[in-house]
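Protein sequences appear in the order of chains A and B. Per numbering that gives the first Met the number 0, residue 0 is the first one in the first sequence, and the count goes up by one each step. Per numbering that gives the first Met the number 0, residue 0 is the first one in the second sequence, and the count goes up by one each step.
No lab work stands behind these hints, which were simulated from the structure alone. Among the hints, erroneous ones may be present.
The list treats identical chains as one, so a pair stands whether inside a single copy or across any two.
[Claimed, not checked] In silico BS3-like links for lysine-lysine, alpha-carbon gap of 27 Å or less:
| # | residue 1 | residue 2 |
| --- | --- | --- |
| 1 | Lys293 | Lys167 |
| 2 | Lys167 | Lys21 |
| 3 | Lys21 | Lys258 |
| 4 | Lys21 | Lys122 |
| 5 | Lys258 | Lys398 |
| 6 | Lys92 | Lys258 |
| 7 | Lys122 | Lys167 |
Number of protein chains: 2
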Amino acid sequence: MITEVENIGWEDRMASRTQRMKSSVIRELLKLTMRPDIISFAGGLPAPEFFPIREFDEACHHVLQTEGQVALQYSPTEGYPPLKEFLAEYMSKYGILVEPENILIVCGSQQGLDLLGKLFIEKDGCVVCSRPTYLGALQAWNAYEANFCSVDLDDQGMVVEQIPAIIKAGHTPRFVYVLPNFHNPAGTTLSEDRRNRLVEIAREHDLVIIEDDPYGELRYEGEDLTPIFRLAPERTIYLSTFSKTLAPGIRLAWVVAPKPLIQRLVQAKQGADLHTGTLVQMVANDICQRGILKQHVKRLRKVYHARRDTMLDAIEEHWPAEISYTRPAGGLFLWPRMPEAIDTEEFLERAVEEKVAYVPGFAFYPQGAGGHHAMRLNFSNASEEMINEGVYRMGVALKRELA
Amino acid sequence: MITEVENIGWEDRMASRTQRMKSSVIRELLKLTMRPDIISFAGGLPAPEFFPIREFDEACHHVLQTEGQVALQYSPTEGYPPLKEFLAEYMSKYGILVEPENILIVCGSQQGLDLLGKLFIEKDGCVVCSRPTYLGALQAWNAYEANFCSVDLDDQGMVVEQIPAIIKAGHTPRFVYVLPNFHNPAGTTLSEDRRNRLVEIAREHDLVIIEDDPYGELRYEGEDLTPIFRLAPERTIYLSTFSKTLAPGIRLAWVVAPKPLIQRLVQAKQGADLHTGTLVQMVANDICQRGILKQHVKRLRKVYHARRDTMLDAIEEHWPAEISYTRPAGGLFLWPRMPEAIDTEEFLERAVEEKVAYVPGFAFYPQGAGGHHAMRLNFSNASEEMINEGVYRMGVALKRELA
């Protein structure tokens, strides 16, 4: 059995970039919190009880029966053409006006981030992001040895006004990474003013913008804001996904960008995995063409809206008053901030004793430099009853800690 | 419309590694040869008329109906546990004795190659391969700026005896890349002697071996040889795939390696795409658990065996005698070698005029340094009738050229 073989010193054989590659704190946590007795607010998972299972079943059957030979064969790296056409049309209602040739289908937004890192990031190259920021972006770009130059984040989102100082300090950003809508983990939305300011700064300093928008469709109140892509189509790369609207288990997302960049992304993807699965693309396309996506998103908005409200109400009722928190207008996350006395990494043990879990804030900071008094709570993946109970339990532990 | 936006100079923003990234000659060719009037021997595609479409349909239905919530949700980076268990058991009949923890499920072997490049290849790091070698490996590792140190290939496969000279010349190979069974493009099988010699050399010089085995199950004559993994489990990374046995459109393959390396591959995959699609893994598992894989492979062997023989016979009958060619014991490819007078890149135009296509040999050489008088012919993706006709047409053009 291979289990008994000697270790020939694998670590000494690794390229230097691997020193920055680690397992995601969240994924390790998720393993811990999969115990059925724990109420977990730690993941970022959609509610599986609302997956359109029957629709997937019908679509699989239809695709395989009518075009099985195509669905199971190799297909173009760029993506399944009818799906790209659908997406080009679909995004136009958000003011993103593109042709199918501006779109690359990828295996989840995470792959989009990885391919962009491969194209743009030179060792020690500066990448501008907010602190906190999306953990998966840190993971993807650590593998290319990025130097994360972070700016603050407040209730209006990323403080883009701090970007010129980074450049003044001698850095040349490869790009600015922005999560404009219902930020993961902070829940904030980049204000219209800030969007305009970001575009001004990007044009003044000739910067590329990566606009990561997995949650844009999950808005529970207020009006949609202008996509940055619309404001600066010449220098913005836009990412969206089916993971939060249809299902994450099909690993389908897309990148929107100017054509010369799409060509480069296609080359990078060819080397990375040849192409995205044909069957899942055709199944997603079948579902979309039948108009199911729109009505399904409408339903999800209703469910998640109620869960968000339940969590906000429960925190209001059960948590000590000195804890502050965002009121996100959409998305999947709350980002409560604790008094100095509570280190959210240490407190996690207390929470798990009470059989509740969350992600400590430090996980979302480049180089772990901050977030020690914040935590990310997910409200999409637990029933309202569980949310109430979990928030109550955490409240007990928090009060004990702060007493 | 974004089509009208200015080009902000994307090329100047790219990381230096992109200078080595190009579109695959094959994929570009495939576009050209998708014209329905052309008989294409250029691809490496399985025969779609034998895809187990009904079985896929049944499996999709069964998985979605019984475990839809799991199938559409995020899942572990390592892969779907029951599929890993099946594969561990399945490979044991080939003498590959491992536990599920030695397996990582990936999105096609191509992703396995990419992740291995990410872990092992430092800029200008030496990678040992044969010339010719698999085009996709060159593509994957060009992105990590590998220095390909190639050795010859003869009828016994890669001439592994040339490896020590590479080391003597001052190179430190990150690994040796081997396609032991029915080599793509050359069709050769690494002899038992050479396998043993390779392992001796690897142990003497402390080298890692990547054993890429997509075609191993497609043997049409003779006996299976010993997997290199079995001979040197402490230093061999084994890759296999469902692309040639079930279907490529589901993008499912697996990497077998010692556990410390699997952990590193999992980290790399987390950053690259989080995990392989849950639905397709469960569908493939369902098909495998019902015993369909084995019987399906048996059927494919019969079909491809006949097609190989048809192609060999047709070449014997219609081509000039000075053209030599391999007689592969399995796989999907023939590798005819032309007299000096024929440059296979130039001759492609003649062939396309005759409405036949193939891949010129130079595409399979690192840095394009060779293969100008060889060509790769695929025999799995055309009916026997088409094979006869295509080979005949090429024969006409070849005779004209050599006259």
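Quiz item: Among the hints numbered above, which are violated by the structure, and what are their numbers in rising order?
Solution: 1, 2, 5
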